[in-house]
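Chain R is already provided as a structure; the job is to place chain Z on it using the hints.
In order, the protein sequence lines correspond to chains R and Z. Residue numbers for the first sequence follow my numbering, beginning at 1 and rising by one. Residue numbers for the second sequence follow my numbering, beginning at 1001 and rising by one.
Since the hints were derived computationally from the structure, they do not count as laboratory data. Note that the structure is a prediction, hence the values are computed from the model and not measured.
Only pairs whose alpha carbons sit at most 27 Å apart, straight line, appear in this in silico BS3-like list of lysine-lysine: (1) R:44 - Z:1055; (2) Z:1055 - R:151; (3) R:16 - R:44; (4) Z:1051 - R:44; (5) R:51 - Z:1051; (6) R:55 - Z:1089.
Protein chains: 2
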Amino acid sequence: EMIYNLCKAIGGRVTKEIAECVYMALVTDTGSFHFSNTTERTLKVASELIKAGVKPADISEAVYNNYPWSRIELMRQVLGTVRRDDSGKVAYLRQTLNMRHAAGAVDGDNNGFVNIPLAARAILAAVYMREVGDGRFRVSLRSKGDINVAKVAERYGGGGHRNAAGLQIEGDWDAKEAELVDAVRDAVERAEAIAAGDITVAPDVL
Amino acid sequence: EMIYNLCKAIGGRVTKEIAECVYMALVTDTGSFHFSNTTERTLKVASELIKAGVKPADISEAVYNNYPWSRIELMRQVLGTVRRDDSGKVAYLRQTLNMRHAAGAVDGDNNGFVNIPLAARAILAAVYMREVGDGRFRVSLRSKGDINVAKVAERYGGGGHRNAAGLQIEGDWDAKEAELVDAVRDAVERAEAIAAGDITVAPDVL
Chain R
1 EMIYNLCKAI GGRVTKEIAE CVYMALVTDT GSFHFSNTTE RTLKVASELI
51 KAGVKPADIS EAVYNNYPWS RIELMRQVLG TVRRDDSGKV AYLRQTLNMR
101 HAAGAVDGDN NGFVNIPLAA RAILAAVYMR EVGDGRFRVS LRSKGDINVA
151 KVAERYGGGG HRNAAGLQIE GDWDAKEAEL VDAVRDAVER AEAIAAGDIT
201 VAPDVL
Chain Z
1001 EMIYNLCKAI GGRVTKEIAE CVYMALVTDT GSFHFSNTTE RTLKVASELI
1051 KAGVKPADIS EAVYNNYPWS RIELMRQVLG TVRRDDSGKV AYLRQTLNMR
1101 HAAGAVDGDN NGFVNIPLAA RAILAAVYMR EVGDGRFRVS LRSKGDINVA
1151 KVAERYGGGG HRNAAGLQIE GDWDAKEAEL VDAVRDAVER AEAIAAGDIT
1201 VAPDVL
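Next comes chain R alone, as it looks inside the complex (with noise of 0.2 Å):
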């Protein structure tokens, strides 16, 4: 959106290939439309990407429908592993070194993976752990509305956004997810303690 404003405010001509990055850009940025940063703006300013040449589907299919089959592959293993808490609102789900190995994957096979769970109504939030090495993990957090992932995140060193944060961790796996599930699982408990009117916080520690 930047960028097209620039393009327009120098009276630069929006060519196709520009228009084309732009709509990527859009698409990706706001989950094809679906985040809450999808405003009026965005949808306007993509209707005259539209204009300017871009076909949607060709975008779609460039970004979504562009990966190696072993995405399929270790989405098949990865999701084999996928569990809720005894809350029911708390999915994890792993990916261990020999499943990337099996599936002959390449970065980026895993994209949106921790996301796939979240489209259960009850589960509130997911924490997906990636073996990098032996006892060394990459997890993802995501979480829905108020939930703020990115706190528990912050406590291990790691950082992002209320509903999409990032972390590195080392131990025995078994131990360290049952404790970020916890953390996340405390994390949810406390937006719905808020939500309730059970306790009163300012905005920053929420």
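Relative to chain R, chain Z alone:
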């Protein structure tokens, strides 16, 4: 879009409720603005609907993240069956009645499963067979670009659109699956031959 135009034409105010329904229709009909039916006007109307009070993230949540957990369990099992044919261009996957029972699945839980393998660049079509009774199956076919799976479905008394069709079939699962995968691969090869200019046909028999 038609409803929206009608509302504007009769001078009615588009209430937030109407705007939300129309936005939901736009999102589902265009596959989150990914399909080729996404036009300049689609996005312009969507933009105006946001102005009328629609929150895109809320609509997405209601449409795409509103499944029971059984969807995740069913996806795990169905994805466990995904394979591709020798050409590497056709993917196929299965859903048994047992999988439905084990997952406690309800109608709609399997929405979109057939599209998952199409995320792979090399996969040009997919065949998804669901057991509905003893030796009886419901089948979804999907394809990319000019590959016409509706023609395949019609041969079995089914129908649909070029890139999304369905049919019902009875018989031995393995045999019928192989038959359908072959038929779909023929459709792929036919589209490729036409694209390469090796054969010429009138558009209506594509």
